[in-house]
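Given the coordinates of chain A, assemble chain B onto it according to the supplied hints.
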Amino acid sequence: MKRKLPFILTVLLFFIYTGLYGDVLSHIIFYHEQHHLFLFSSHYFTQQIETVGWMSYLTDFIIQFFYYPWLGCIILGGILASIYGLLTYNIQIITGKNDWLQLSLIPSLYLFLQTMAADYSLVPVVSCWLFLIFFTLLNLLFSPYWKKIHPFVPEWKCSTKVTYSITIVVIAVYAVTASYLFIHSYNMSEHRMIKAEQAVKEKNWDEVLRQTGKYLDKRRNNQLIYYFRHLALYHKGELLSHLFDYPQPLGVKGLYFPWNSDSRESEYGHFLYEELGHINEAQRWEFEAMVVWGETAPHLLNLARYNIIIGRPRVAQRFLNLLKQSLFYAEEAKRLETVLSSGKVEGLHYALAHAPTHPARFANVMNIGPELLYLCEQDQGNRMAFEYLMCDLLLSNQVVRFVEYLPFIQQFDYPEMPAIFEEALLMYKLGIGEEAFAATGYVIRPQTEQRFARYYQLFQQKDNYRLRKEFGKTYWYYLNFVSPYGNKIITN
Amino acid sequence: METKSLRINLIATLCLLAFGFAGCRPQNVQADRTEEQLPRIFPDYIGVTFPVNIAPANFYIQEKGDAFHTEMGVGEEILYSTSGSKPEVIIPEKAWRTLLQRAQGKEFFFRIYIQREKSWTQYADILNTVSPDTVDAFLAYRLLYPGYELWNEMGIYERNLTNFDVTPILENRDIGKQCLNCHTFNHQRPADFMLHVRGKDNGTVVYRNGQMEKIAASATGASHGNTYAAWHPSGRFIAFSMNEIQQFFHVSGQKPIEVSDLAADLGVYDVDRHVLLTDSAIYGPDAMETFPTWSPDGQTLFFCRGNAYTHATPLDSLRYDLYAIPFQADDAQPFGTPRCLYAASREGKSISFPRVSPDGNFLLFTMSDYGNFSIWHPESDLYLLDLRTGEVRLAAELNSPDVDSFHTWSSTGRWLVLSSKRLDGLWARPFFAHFDAATGQFTKPFLLPQADPHFYETFTRTYNLPEFLTAPVTSQRALLETVSQHNTEISLRIQGR
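Chains as they are written, first to last, in the working numbering: chain A, 1 to 492; chain B, 1001 to 1497.
These are calculated hints, taken from the structure and not from any lab test. Fair warning: this is a prediction, and the values are worked out from it, not measured in the lab. Be a bit skeptical, because a hint or two may be false.
Sample of chain A residues lacking proximity to chain B, with all beta carbon distances greater than 12 Å (derived) [as the list claims (entries may be wrong)]: (1) Phe287; (2) Phe319; (3) Tyr350; (4) Phe362; (5) Arg383.
Listed below are the simulated DSS-like cross-link pairs for lysine-lysine, each with C-alpha atoms no more than 25 Å apart in a straight line [to be verified]: (6) A:Lys344 - B:Lys1255; (7) A:Lys157 - A:Lys97; (8) B:Lys1444 - A:Lys334; (9) A:Lys218 - A:Lys473; (10) B:Lys1064 - A:Lys334; (11) A:Lys161 - A:Lys201.
For every residue, glycine included, the Cβ atom is placed at its ideal position computed from N, Cα and C.
In isolation and in its complexed conformation, chain B is listed as follows:
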C-alpha cells in the first residue's frame, strides 16, 4: 500500500515537473514585430549545405536579447523548437537526425525570435540545405599550436563527423613528446597511411594492408629527408618530396612567418622494394619540386615546381607553377617528361597543395603571392583547374579574406574539406563544402560543428592537414609499437635523362 502511494506521488511530481517545464517553453512565440534582416549567428550556418549525415550544427545567436526562441523545420513544419534566456542553440541529436532525413535535397530553416523588453522580434528565416550526398564519416587531423619551431604536446586525431566523438590516433605524449607530422592516407582509406616521426625515433611509419613498418626518414644518398607525401592509388607507391625547409620571421606587418624551401626534389617510394625512384627531371639542384599528388588512375604525378633558391634569392620572389609528369609503375624508366599545366609565376602568383578530384576531372590548388607555405599567407585562395579544358577559375565561393589553404576531397568527390583561418587569422579550422561535379561549383563552406558552439573561441590548437576517412583508424596500438622500431633503410635510384 505504501509503495503504491509512493509511486502515485512520484508520478504526480513528475507530471507537475513536466508540465512546469512545458510551461516555461513557449511552443509558439507570437512575434510583436518582424525584422527583415537575418540574425547573426556563430558559426555562420547561413546559406550552407550540410551532408545528410553530419553532426548537429549547434550555434549561438550573436544578437542581444533577454530571451531567445529558435525553431527548426522544413517547409511549414516545425520539427524542433527551443527557448531560454541563453543564446546557445544546442540541437538534440535525435531532432537533428529527423530534420536531416526530412530535408534531404531540400532547404530547412532556423527561425529565430528574440525578446527585448518583453517584446518578441522575429528575424528572417535562416535557410540551409541538406544534401543527400553523405560525407565520409571521419576526419583525421593533427592538433598543435600554430607555432614556429618548438613543440610540446601534439597529436593526430580522428573526429567522427556524424557526432562529436574525437579519438586519438597517436599522441606524442605516448612517444616521449616527439614531433609527429605529415600524416597521409591513401585516398581516404584508413588501411593505408603513413606519418613522420621526428625526434629520437626519427623515421616514417608506413601502414599498408595490415602491415606496419618504419622506414628511414630519408633514402640513402638522397639530398634531403622525405617530407610531403601522396599515396599512389594502388598503395604500392608513395610519392615524396624531399625538402630542405627553413623558417623566416617577418620583422613587421601582420604576417608572422615565412616557411620556405631552400631545396626540394621529388621521388616515388616503392613500398614493396624499399627503393625511392626518381628522375633527373624532378631531382637535382636546378629547380625545386614539391607537394606531389596523384591522378586517380595513378598514371600522372602532379606537383609544384619553382626556381632553385640561392642565397641571393629574395624569398618573396620564389614562385611555384603546377606541373605533371607521367608515371608508369612497371616500366624500367617509370617517369615521362614533365610538363607545365599552369604557370602561375607568370601572373606573379605561386601554387601549392594541388589535389585531384576522385573522378580525375578537377584539380583544386591554393595560390598565394609567393612561396609555397600558403597556410601563413592571408592572401592565399583556392583555385579550381578543369583538367579536361585546362581552364582555371578562382573558387570564390570557397574563399575568404584570410587564409584558405590545405584541402582534401572526400572519397565520393562530393565534399571538400579545407583549412581556413577566416575566423581569426591564426588558427586553421576545417570547413566543408559540397561540390557539384556537373557545374564545377562548390557551396558556401561551413565550419566543423562542435557540441559547444563557443568551442572555437578558446581553442588554441590549430587543425592541421585535415583528411577525410571512410572508416576509423583501428591500428593505434600497432602504430605505437612501430614508432620505436628500427628503421628499414631505403635506397635511392635516380633515372638519368
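Bound conformation, chain A alone:
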C-alpha cells in the first residue's frame, strides 16, 4: 500500500483534473487553444526563442493539442497530476522515504488553482513539469549517490496505523482546502462569457441563449453577454419578440461595441459586422485583434476569409501561408486556398460588394446606426441590418427616426407588425396626434391600445411592481424606466 499510494493519488488527481477541465473548466481549454498557435517553421522557432523563450515555445507546442478539447483535458490533467507524481517520486529517490505528509501535492494543487483564470499563462505549469521530468532523469542517473545519504535521513518512527491516519488526515485537509479555494475562486461569469463566445463561433445559437440566459438570470449586466444574446436572438428569429425579455440597461451598447480602442473588446467586434455582411469593418476589427492578441488561428482564418471576399487574395494568401504551417488548421487553410481567386467564401455575405467607392464613404466607428442604415440602403433584403437598425433606434429613444425608417419593413415578410414596433408606434402617435399619425398609414391593433391603457393606469397609480411584472418586457417600460438615455423620446 505504501508503494501504491502515490500512484493511486496521481491517478485520482488525473481523473479529477481531467474531469474538471472537461466540464466546469472546459472554457479554459478553449480559451488557451484560441489564443495560441504553434507553427512548424524555422522562422517561427527563431522568433519565439528570441522573443518569448523556450518555455513559451514548448507551452505553445502543447497547447496546440487543445484543438481537440478532450485531448486538452487529458494533457493538462496529466501534466498537473504528474507534477505530483514526479515530485513524490523524486522525494523517494533522494531521501529513500515516502512523503507521508504529502507535501508533493501542494505544487500540483497550487498550479491547478492558478489555471482556473483564463488569462493565466500555462508557461509556469509546463516549465514546472518539464523541470521535474529533467530532474527525475537526473536523479535516476545519480540514484547510487543518493542512496549514500539515505542512512542520514531521519526515520519516520510512527506505527503504520498512525502513519496512514496522518496521511489520510493530511490528504483530507488538502482536499478540503483545495475545494474551498476552488469554489471561492471559480469565476462563473468568465465561464459563461467564454462558453457563449465558443457557441457564437460554432453558430450554436441555442447554446448562446442558454449561456447568456443563465448569466442574465443572476440579474447581472454585461455588454458582451447582451451582445452575444442579441446575435443569437436574431439568428433564432426572435430578436424583435424577445429584445426586452431582460432589461436593457446598457441601451444600444448591448447591440454592438462602439470603437473604444480597447484591446479586450477588439476580439468581439467582428462577429456582428461579419453577420451583417459589413466585411470591411469586420476585417478592421479582426486585424486590430490580431495586432493585440497575436497571430492565432481564429484571427488568421477570419482575416483570410475577409480578404478573399473583399478581393485581396494576395493578402489572404499570407495568412493562409501561416496557417498551413500549423498542425490542425492546415487543412482549413488549404480549403480556403482553393477559393482564393473566386472572391467567395462559404457562409460569408459581402453586403457592400457593389457599393460605390466614389465618393469615398467612411464607417462611423462610434455609432453603428449610420452603418445599419447604409446597409439597408445598399443591400436590400438585409434583414439583420434592418432589425438591428430598428433595435438601435428604439434602444436609443429615437422613435421619430424609427418611424422614418420603418418603411424598410416592406422588404420583409413579417406575418404581423412586431409588438415592440407597435408599442413604439403608439408612443409616436401620442406625440404627433391621431390625424398626423393616420397619414403614416400604420394601424395599431386594438389589443395594443388596450394594453397601453392598462399600462398607463398602472403608471399613474405608480404601481411599479405590477408595471414591471406585466409590462417589463415592453418598449414602454424600457422607455420610461430602463433607458440610459432618459425617459423621453429623442426627436432629433
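Same frame as chain A, but now just chain B:
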C-alpha cells in the same frame, strides 16, 4: 598505431563522402531542350542592378520540376552552381562576394535548368548587373503590423545590407510596449537621430553628437504635437510638421483606411536653444503644411501644402502641392516667402514624401489621387522633379500597380530605397534601385534579400520608414535610458508677417 589507423579510416570516409556528394551534384547539366523564356523566380531578381556590397540574392524557382540546377557566373565563366530537388537557390556568401567582385560594372547570369521526367530544360539566362557603387551598409526601419489604431509589439531595427544581420535599435517591449514612431536620421548619419515615443513616456528623443535628450512632444502653445521630421544638414535644426491626424475606414472597396490630416503646420526646432521657430506663412488654420524636407545646403525647406480641412470637406478632395520656403538659420527672421514648385492639385493629384537627392538636383516625391498618407493608396507612384529645370516625370521604372511610396536616398545619391506593397498590397517591403544622376534614370528595383527566399511569404510585419545608414547605431543603451527621462520643454516662436 591505432591512432594512425583511425586517422586513415577517417580520411578515407571523408573522401568517400566528399566523392559521394560530388557525384550527387552534376557540375554540368546537359540540356535536353532549351526554353527561350525566362524562368519565374522569387524575388524578382531579373534585370536588376545590385550594389557591389549587397548580401546574397537568394531566390527560389517558381517553375515546377523534379530537380533543379542553377549556375551563376560572368561571361563564359561559371562561378557557382548548385543542384537538388528543391527549387531554393541559397548562394554561399563567399561565392556571392566573388561574383560581385568579378561582375562589377558588368552583367552576370543565373542559368537555370529544370528536370522534368528525366529530361533537363535549360531556360533563358537571367541577366542582372552589378554596380560598382556601394550602397550604405545599413538600413533602419520600423517593424510593426500594418494595422490601424491598436498596437502591441513593434521595434526599430537596423539591417546590415551586406549580410543578413538584423539588430534592434529599440524595441517597445523594453519600454512597456509604448508606441515608437517617426525615427529620423540626419542624412544617413547614425550620430544624429530622433524618434517619438507615445505612451506614458510621451516625448521625442533627440540624439546629436553623442548627446541624448528627451524633449516635449509638442512646443508650449503649439497647435499640435511634433510629427513628421527632417534634420537640417547642420544638425542644429529639425523641421517638424505638427499634425492633427485621424483615421477613417472605407466601408467598401479594397482600400481599407484613409489617414488624413485635420490640421497641419510647420516649424523648425532649434536643438541648441529648445525653441520651435515658425512663420505665419507655414503656421495657422488657413492651410495644412506637412512632410518637411531640406535641401542639402539647408537653405530651403520643401514641404507639402493643402487646403485647410473643414467638417464639410470630403476627404477625397484634400490634395497637397509641393512648396518650398527659404530658410536662413542665423537671420532674425529665418523664413522667406513660400512658393509653389508643383501644383499637383490642379491635375487632381496630391503629393507626399518629398525627398531631395544629396546633390540637390532632384526631388523624388510620391503622388496619389488625394490625401497624403500614400502608403494606403494603391495608386500612389513615385515622380521625379528635376530641380534645375522644374521638369516632373513619372518614375515609371520604379513603380508598380500597387503602393510605391516612402523613399529615401543613400548618402551618395546613387541608391534609393522605397516602400512598396507590390508583393501583396498590404505589407510594405523595401526595394532598392540604382540612380544615374547623369540621365536621371533609376534601374528596376529589387527586393531586400533575405537568407530564406520564402521569408516574405509568412512575414506579417510591415517595413515602415526605411532609411539608409552609413554606419550602425551604437547608442541603444543610452536610448533606452533616455526614453523614461523627463521632457525638456520647448517654446514656440511665431514669426509674424
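List of violated hint numbers, smallest to largest: Of the numbered hints given earlier, those the structure breaks are 1, 2, 3, 4, 8, 11, listed in rising order.
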